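Since the structure of chain A is provided, determine the placement of chains B, C and D on it from the hints.
There are 4 protein chains.
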Amino acid sequence: MKLQMIRKTKDPGIGEKYDKKSHRIINQNGTFNVQRVGRQSRIKDIYLLMVTTSWTNFIFFTALYLIGINLIFACLYFFVGVHHIEGVDHTTGWKGFADAFFFSVQTFTTVGYGSMYPDSFGVKAISSFEALLGLLITALTTGLLFSRFSRPTARVVFSKNALITEYKNGKKAFMFRMVNERKENLLETNATVILSLQNKTSDGSYSRKYYNLDLQIDHIYFFPLTWTVVHEIDEDSPFFNLSHQELKDYDAEILIIITSYDEAFYEDLHIKHSYHIDDFVWDKKFKKAFYTNDHGEVILKVKDVHTIE
Amino acid sequence: MKLQMIRKTKDPGIGEKYDKKSHRIINQNGTFNVQRVGRQSRIKDIYLLMVTTSWTNFIFFTALYLIGINLIFACLYFFVGVHHIEGVDHTTGWKGFADAFFFSVQTFTTVGYGSMYPDSFGVKAISSFEALLGLLITALTTGLLFSRFSRPTARVVFSKNALITEYKNGKKAFMFRMVNERKENLLETNATVILSLQNKTSDGSYSRKYYNLDLQIDHIYFFPLTWTVVHEIDEDSPFFNLSHQELKDYDAEILIIITSYDEAFYEDLHIKHSYHIDDFVWDKKFKKAFYTNDHGEVILKVKDVHTIE
Amino acid sequence: MKLQMIRKTKDPGIGEKYDKKSHRIINQNGTFNVQRVGRQSRIKDIYLLMVTTSWTNFIFFTALYLIGINLIFACLYFFVGVHHIEGVDHTTGWKGFADAFFFSVQTFTTVGYGSMYPDSFGVKAISSFEALLGLLITALTTGLLFSRFSRPTARVVFSKNALITEYKNGKKAFMFRMVNERKENLLETNATVILSLQNKTSDGSYSRKYYNLDLQIDHIYFFPLTWTVVHEIDEDSPFFNLSHQELKDYDAEILIIITSYDEAFYEDLHIKHSYHIDDFVWDKKFKKAFYTNDHGEVILKVKDVHTIE
Amino acid sequence: MKLQMIRKTKDPGIGEKYDKKSHRIINQNGTFNVQRVGRQSRIKDIYLLMVTTSWTNFIFFTALYLIGINLIFACLYFFVGVHHIEGVDHTTGWKGFADAFFFSVQTFTTVGYGSMYPDSFGVKAISSFEALLGLLITALTTGLLFSRFSRPTARVVFSKNALITEYKNGKKAFMFRMVNERKENLLETNATVILSLQNKTSDGSYSRKYYNLDLQIDHIYFFPLTWTVVHEIDEDSPFFNLSHQELKDYDAEILIIITSYDEAFYEDLHIKHSYHIDDFVWDKKFKKAFYTNDHGEVILKVKDVHTIE
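Note that the protein sequences, when read in sequence, are chains A, B, C and D.
For reference, each letter of the first sequence is one residue, going 1 to 309 in UniProt numbering.
For reference, each letter of the second sequence is one residue, going 1 to 309 in UniProt numbering.
For reference, each letter of the third sequence is one residue, going 1 to 309 in UniProt numbering.
For reference, each letter of the fourth sequence is one residue, going 1 to 309 in UniProt numbering.
Looking at chain A on its own, in the form it has when it is part of the complex (with noise of 0.2 Å):
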């Protein structure tokens, strides 16, 4: 078997021994291939949730939570009775819940116009408690907020494809090409690249092999334009002897781990990525993705980090 004359490096943490043929490792998405079974729920996963979620889910979620916490407190004034409420229009029907609905809101935000306001002690009691749990759901929503914002996600966008092409010399190179979307600085990006192959093993099990692989330049110390991340093909690259239906059948898959100091959050960041053999292409070259124009100035097209020709 070819595969054994590459030294092949450690286990990268995934595992080299699968009872069954697995997908991708890392998903397109940059998450990972696994489910997890028979874990407990907690507080910090809902925080979790509602920080990583997307911005349309955030304002439904919280737009349900405010509605729904008003909602059970209009319930308590109206089965109290609305007629506890001085000032309402009506105390009675969905007119007169409507109303402890809005005494509900003018409660929970500590609005209080005065115009309803509690008249019974049991009301009194009930919008103390609400306007003081309305404190603590607007101290929360700020937290949420400020998390969402201020989470140093990174905006490197990766080449959709990933490159087997001729480089200097004659010389065979894999390549990959990043950009940074965000106007903000990368600084001190580094780049470690891992080749995964899975083969079936004489006991009908599957057998996972990892290979690091040298790239010509692994370390930048600034990231403003694109970055071609390049690993030689020479003989001691384990891509050297296999041919392109060899990788195939090894359902060769790239996996990329890019860190790096972010500038606009002041934070150190770790980005995953991956490349499934479908993701390759052979014999075609990235085009440039900048020019300088007649002012000196360096002009980047973000997009055309994809683009090969």
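What the hints contain is simulated information worked out from the structure, not anything from laboratory work.
Just to be clear, a hint being listed does not mean it is correct.
As the list makes no split between identical chains, a pair holds if one copy fits it or if it spans any two.
As the list claims (entries may be wrong) - Okay, derived cross-link-like pairs now, DSSO-like style, lysine-lysine, Cα gap no bigger than 30 Å in a straight line:
{"id": "1", "residue 1": "K44", "residue 2": "K285"}
{"id": "2", "residue 1": "K44", "residue 2": "K288"}
{"id": "3", "residue 1": "K301", "residue 2": "K171"}
{"id": "4", "residue 1": "K284", "residue 2": "K248"}
{"id": "5", "residue 1": "K301", "residue 2": "K172"}
{"id": "6", "residue 1": "K200", "residue 2": "K168"}
{"id": "7", "residue 1": "K272", "residue 2": "K172"}
{"id": "8", "residue 1": "K44", "residue 2": "K168"}
Here the structure is a predicted model, which is why all the values come from computation and not from measurement.
Quick look at chains B, C and D alone, frame taken from chain A:
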């Protein structure tokens, strides 16, 4: 003495000489078996307590201080005279006190319906102070809530037992297993494992010796599944010459320090853990905690991290 | 070509081949001379803009959206009918609109005096929505303000000029100077300095070459005074063979990356800076920027970081 | 000159040439003995002042600006005419001003009872502005309070004295001791220790020389008890040839930099400290600060970190 033959490593910071035999250094909940006496309490300790205590406690304490502050102001208004609050139903007795309390909440939360309002210089002054204080307490509660949520607490679960068992090629190994219970990934995870043995010295005191354990893999890039940390018991291993009984006599304890980058909170985390000799199991194996389903997806049963067979 | 004789270092991430001659890579304000086109705007870009813009702009934008939102609601109330707000002085004309606006502000800020209050289902509903929105906008503004303040922006000032001057033992050196303008200290400060030269190649394009400069001291533990970063021009230095005119022809630019731990914000910082050949001064010296007074205290004149003599 | 014989290390960033003899570099409170003059104040300096000042000062300043803002608005209302505020008891004199002040607080805090409410265009406009300003000031105060609490300030206490005393095998050593006063642990703690000596040069100026001290242990994994940092005085030590009197003449100062991961705040911390020759004690020993009780628990007496015997 056998221990003399093993190359011990430097004190990891826990001390080498004790007057008496002491319990395990790191408790099962991850704290140290050390009580600090004579230290001064400071405001930040209260903050840290509120941030690290359970949610039940947090809600209890928050309710306590919110109600407490309002009770204090209710007393103030009651003492100055509830009849200075215009619009109250009662000015004396517990009903008057209740109205003073409700007026306090309406002021503190800034709901201020106006059905009750201050009608003398004194009450105007006190209520002005309370409203301003309300802002500060709300600010503080907002900060506490946000701190609790945004606290980057990893959820790495360690196997209940550490194993000493056959490993490869007939060699024995010491091993334990970890899993990340959270969906968000850990990257660039490192493990440091130290064996601590204590034995009585000739002068009656106890001496602790420390031995860094060489690991098969001490760094993984990704941590989507379980990680079994393995120390091979070869001639250089401190375990090599020690029998089960000797380890018991020396009160063996394994000290573990894990560092990792947490994708959920974008922070580097350090986790400590320990296995005491009583947590060791001999000649069993960890049951595989994941499998591949028919769609090529990897399914991880989080709770199986503990399962041995 | 002389440049061939000097051992260049790897591309620091800026690229080696340009179609035309380009300006300095890092502008004097620390940004890159790169314009990104075709990138998608996102909500987080607005956040980053609000957090990084000047205080004047921030106050202007904040006033703008606070007034804007209230104008929109004023229009809504005006459209639905100001006579549905009980207690207004005017229901039509610009005075009616002004009352609608004031009612909106009283609702949005949750001040809710109650002298004006909603008196129809429609206005009750709109004002409920506005009060809830007010909470969210306040939360958002709180987050923005906090982000602005807590942003760990170092205040390291670089000398206006970089010098090439006699240093020690008759040897020449390239040097520049820095000072930390802030009272809080920087610890463990590192400097990386790269020379960039661009020259026309045979095919009419421009090639950039990069040379890491060896520094006398590239790491300091403390940074309470000024730090003069010195590169001795010996035979291994790229400056050794290059005349003033040649440096000009090659459009020499010095790229600087400083990393440091900031005691003010408890964060690691990275600062970038550049000196263009036009910022170079020959055969001058930096004037000492600190002296010891009669009480043994060291006095640092921050602005003297620029002074040469 | 004896000092010539010792291999000095690089300037740690404090400078080597001074015009006069200067005091200790790092004061006993951990700040540098450097005064910055001529630097520009900025908004962030006020923030940092409010965040780092004592709680007493913070409460005082906060009260000051809350009352100050309300006094300014009270003046505005008084100037425009208190009779434009409906529901006041007094419109002139200090009682009218008091009512204007109370109205201001009710507006600023958004409590808005409505017993007093604006009744003219001017007062409506001013109070609208005040309510909006109130939101911003509350936001700001929330941020300040949160910053104060969440600031990762370590509570490492250094022994009052550094010792030069017999150590092991008859060898002498320089040592000092630290303890973590806080319950939350410090992990991966490093120590760097530098000796600074200043002496008069032939031209009348003072020269500072620096010597990195080799430590028995310069890194500990855990820090639950005390840590005695030990520098053995062998032939390579700068202390080896220097008598007590010479150390005094050279105004010896020990500069210390501690880095550690703080489990309380999940942050890497850097702490600096210094011992001046006057803090040195000869031929004493640190008294052990912890003992094991009968239940096998280790008891640490925090204040004993200073105790020598």
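These are the hints, each one checked on the structure:
1. K44 to K285: neither (46 Å within a copy, 33 Å between copies)
2. K44 to K288: Result: close only across copies, 28 Å inter versus 44 Å intra.
3. K301 to K171: within (29 Å within a copy, 46 Å between copies)
4. K284 to K248: Within one copy only: 19 Å inside a chain, 38 Å across chains, cut-off 30 Å.
5. K301 to K172: Result: close within a single copy only, 27 Å intra versus 43 Å inter.
6. K200 to K168: Cα proximity of K200 and K168: across copies only (21 Å, versus 36 Å in one copy).
7. K272 to K172: within (25 Å within a copy, 35 Å between copies)
8. K44 to K168: neither (51 Å within a copy, 40 Å between copies)
Comparing the model with each earlier hint shows violations of hints 1, 8; every other hint is respected.
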